[in-house]
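Residue numbers (full-length UniProt numbering), protein chains in the order written: chain U, 1 to 188; chain F, 1 to 181.
Some hints could be false.
[Unchecked claim] When the alpha-carbon atoms are kept at most 30 Å apart in a straight line, the in silico BS3-like pairs for lysine-lysine are as follows: (1) Lys44/F - Lys73/U; (2) Lys36/U - Lys44/F; (3) Lys44/F - Lys86/U.
Hints were generated in silico from the structure; no laboratory data involved.
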Amino acid sequence: MKKLALALAFTLGASVANAADYIIDTKGAHASINFKIQHLGYSWLTGRFNDFSGEFSYEEGEPKVSKVNVTVKTASIDSNHAERDKHLRGDDFLDVKKYPEATFVSTNVTHDGDDEMTIIGDLTLHGVTRSVSIDAHKVGEGKDPWGGYRAGFAGETHIALKDFGIDYDLGPASTEVKLMLHIEGVKQ
Amino acid sequence: MKQVSAGWDWVLITIHWLTALTVFSMFAVGLWMVDLNYYSDWYKTAPHWHKSIGLLLAGLTVCRVIWRLLRPRPPKLGSAFERAIASLVHLLIYLLLFSLFVSGYLISTADGRAIDVFDWFAVPSFGQLFDDQEDIAGSIHFYIAWTLIGLVSLHIVGALKHHFIDKDVTLKRMLGKKHLS
């Protein structure tokens, strides 16, 4: 019985480790989910989501990640302006009471040469799930000074707010949001 | 015991009616401005005025309370029960007004920004005092505004009852009519 439990625990542990070799280092804040959107067509407004978690699978020395999952707490949006953030959390935009989480689950990753890759996956935002394509590249990997092993990636994509059912009119220059993603994972 | 006068002080009468006008206007503007289109001419102006007037009313209400406590007031009219209810409603209206001022202030100052009062002067922020400050303060501000309007309605019903049913001077003396018997 003890053996069985031990074997089960080992199998479970192993399968979890396989599915998510790297945990995104949100604890140490070596990852960020940033966005920018045009303001009136005259400049860029930037912001980020402060609270998220995720993991990815990656084989050492491989040119690409094999799987990425990220969950974002939508209420953690931060554009460095309390009144605007309150508006963004409200039902004109993210409606965070109704949709407290946004998720990204990769469905396919293709290697585009060198350290470049395209991560295709399902983004669920504001209750709408759509496929998005992230242009990403590996930034680097290796041992950290504290006995761990890390790998980091950067990616960019853009989404149309209307595609996700967010139709508050910010003007013709501001229908798309660019997402700039930086993730560093710690090998488990 | 508090001194008793024949009628209300003209200062208090003026502030009372000014506050009544402001509260109803601010309530309507507050509900309207949060649904404005981004390209509306009022998108920036309406919240700016709402905050400016709110803070000015806060200052005025502080003066009002001090004045009210220092000056004699006319006697309360009606049955003991009515007088007790009236006092309770008056106290609650003051409390709700101050809660409204504080919650409104906390929304706009949650990120450390000051509030500009008509570009005359700025009221500084205390910074973020608690998590999710702008959202929590925003909800409180919204529900208190509705509660205040509800209590003010009760206040108006009471005043009209005194005037039309009891036919006493409660409403007349708040209109500044002197030498009432």
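* Hint consistency between Lys44/F and Lys73/U [alpha-carbon to alpha-carbon, up to 30 Å] -> holds (29 Å)
* To do: Take a quick look at whether Lys44/F and Lys86/U sit within 30 Å of each other, Cα to Cα.
  => holds (15 Å)
* Asked: Are the Cα atoms of Lys36/U and Lys44/F separated by 30 Å or less?
  -> holds (22 Å)
Of the numbered hints listed earlier, not one is contradicted by the structure.
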